[in-house]
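Novice: Given the coordinates of chain A, assemble chain B onto it according to the supplied hints.
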Amino acid sequence: MVDERAVVMVLAVTVVTAGTLAAITRPGLWRLGQEGTPAASSGVRYGGSYRSGRWVTATPRRQDWSGFQGRGPGAAK
Amino acid sequence: MGLSSPGGRRDPALLLWPLASLLLPLLPLLVLAVSALEWPRRLVMVVPEGQRVLSAPFELRDGWLGSPRLTLTAEIPPNSSVELDVALLDAGGRTVLSLTKDGWRASGTWAEEGESGTWEEGDAGLALAMRPGRTGRFQLAVQLHDLLDEAGRPLPNPVVVRGSIRNHSVDAPLLLFTAVVTQATALVLLMACYGIARGRWVRRSDEGVAAIRCEAGGPGLVRVGVVARWELPHDNPPLGQPPATASLELRVCDALGRPCLRHRQTVTVAHRSSDGDHWLSAHQVIHLRLPETGSHRFRVQLPETFRADGDIWEIEWLRLAVEDGLMTPRPVPVLSPDAVTEGR
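Here the protein sequences line up with chains A and B, keeping their order.
Heads up: the first sequence is residues -12 to 64, going by this note's numbering.
Heads up: the second sequence is residues 1145 to 1488, going by this note's numbering.
The following block holds chain A by itself, in its conformation from the complex (with noise of 0.2 Å):
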């Protein structure tokens, strides 16, 4: 009979170890002439993507936004 107690230190182990590797690794981010793009943080726009490992530069565009884009005042306070 397995111990319950023994399957939950190597659960704990298994937690700490898939975590930090996977943190330090990072395996699912995005590499240089894999198809698309990174992943985009505010306000970025991607000006082309990569097809077939190559970098294919986006019709220019100019996108129409109205600059300020802060909430004002009352929800800065």
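Worth double-checking, as some hints may not be accurate.
Computed, partial: chain B to chain A, Cβ under 8 Å [said to hold, decoys possible]:
| # | residue |
| --- | --- |
| 1 | 1315 |
| 2 | 1332 |
| 3 | 1339 |
To be clear about the criterion: a stretch of chain A counts as covered by chain B if any three or more of its residues have a C-beta under 8 Å from a C-beta of chain B, and this derived list gives those stretches [stated by the list, open to error]:
| # | stretch |
| --- | --- |
| 4 | -7 to 3 |
| 5 | 11 to 23 |
| 6 | 31 to 43 |
In case anyone wonders, no lab produced these hints; they're calculated from the structure.
Just so we're clear, the structure is a prediction, and the values are computed from it rather than from any experiment.
Ideal placement from N, C-alpha and C gives every residue a C-beta, glycine not left out.
Specialist: Just chain B now, kept in the frame of chain A:
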């Protein structure tokens, strides 16, 4: 447990290895601390409107130990907006990635219900986490467009763009999440090892004696917990100093009623008061080792009354708890059967 027993000895029920689980959450936190030691490569560019400015060359490393992370921040004036074109160039000057950041910064004052202050918000920075595929030298090309004030008028001043590059950044939120989950798992393990008894019995008595007969013994320890409370028969404050100690006696008998352990010790009595009520309380834990599983009777006795300086303290209740099959994370004095002991 404050028990100094001549018959006590350290018990094999001491279980240390689960304590090692408390070190596990330190691993992701240690990785996070070490990653913070990496000194980032700093970039500073002064970018006039409409001109393309190249940064100093820098290296992006590929490998399994963390990943490159690039951040850029445009230091634009308050109440302005900008469009920042950024291109990542390889060693041959070819664009390998390009993006546009819509940045803005706003500030002002607020006044409400007699209070006032200033506020400031902005989003003129970007962060890029990726792998270069293979280690190499790169450059950034930065260009500004539409640096405008609140009214949409162009601002002539050049903008300072600051950047930083780390080649071994790690996923900090995932490390923190891992530490929390591992800590929770370690607590579950400690609870499973030290907090769960094979059996638990409780008896509450309004006299100075309480007894429990139960099936106990075998692997692990038997923990006998005693809590008692004495009160004055009236609501007046005590006339003198209450007693500081009381005599506690524990007797254990086997299935046939034969005594197999008798232990006597002195326990500390604490004087408590709240909202004009005064009472005395005593708390004691005693660990036993009963090698054979069987029916045992646990009987504890404390004084029914204390007489001190004209006060008569009468017992209000006595609570006896017996837990069987416990393991302990630290050495504790343990009483064995066939022992007649006198402790402090």
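Novice: Checking C-beta pairs, does the stretch 31 to 43 of chain A have three or more residues closer than 8 Å to chain B?
Specialist: holds (count 6)
Novice: Taking the closest Cβ pair, is residue 1315(B) under 8 Å from chain A?
Specialist: Since the shortest Cβ distance to chain A is 4 Å, the answer is holds.
Novice: A closest beta-carbon separation below 8 Å is what the hint needs, so does residue 1339(B) meet it against chain A?
Specialist: Residue 1339(B) check fails; min Cβ-Cβ to chain A is 12 Å, beyond 8 Å.
Novice: Against chain B, does the stretch 11 to 23 of chain A show at least 3 residues with beta-carbon separation below 8 Å?
Specialist: It holds, with 8 qualifying residues against the three required.
Novice: Let's test the interface hint: is any C-beta of chain A closer than 8 Å to that of residue 1332(B)?
Specialist: OK, holds: residue 1332(B) within 8 Å of chain A, min 6 Å.
Novice: Count the residues of the stretch -7 to 3 of chain A whose Cβ falls closer than 8 Å to any Cβ of chain B, and tell me whether that reaches three.
Specialist: holds (count 7)
In summary, the one numbered hint that this structure violates is 3.
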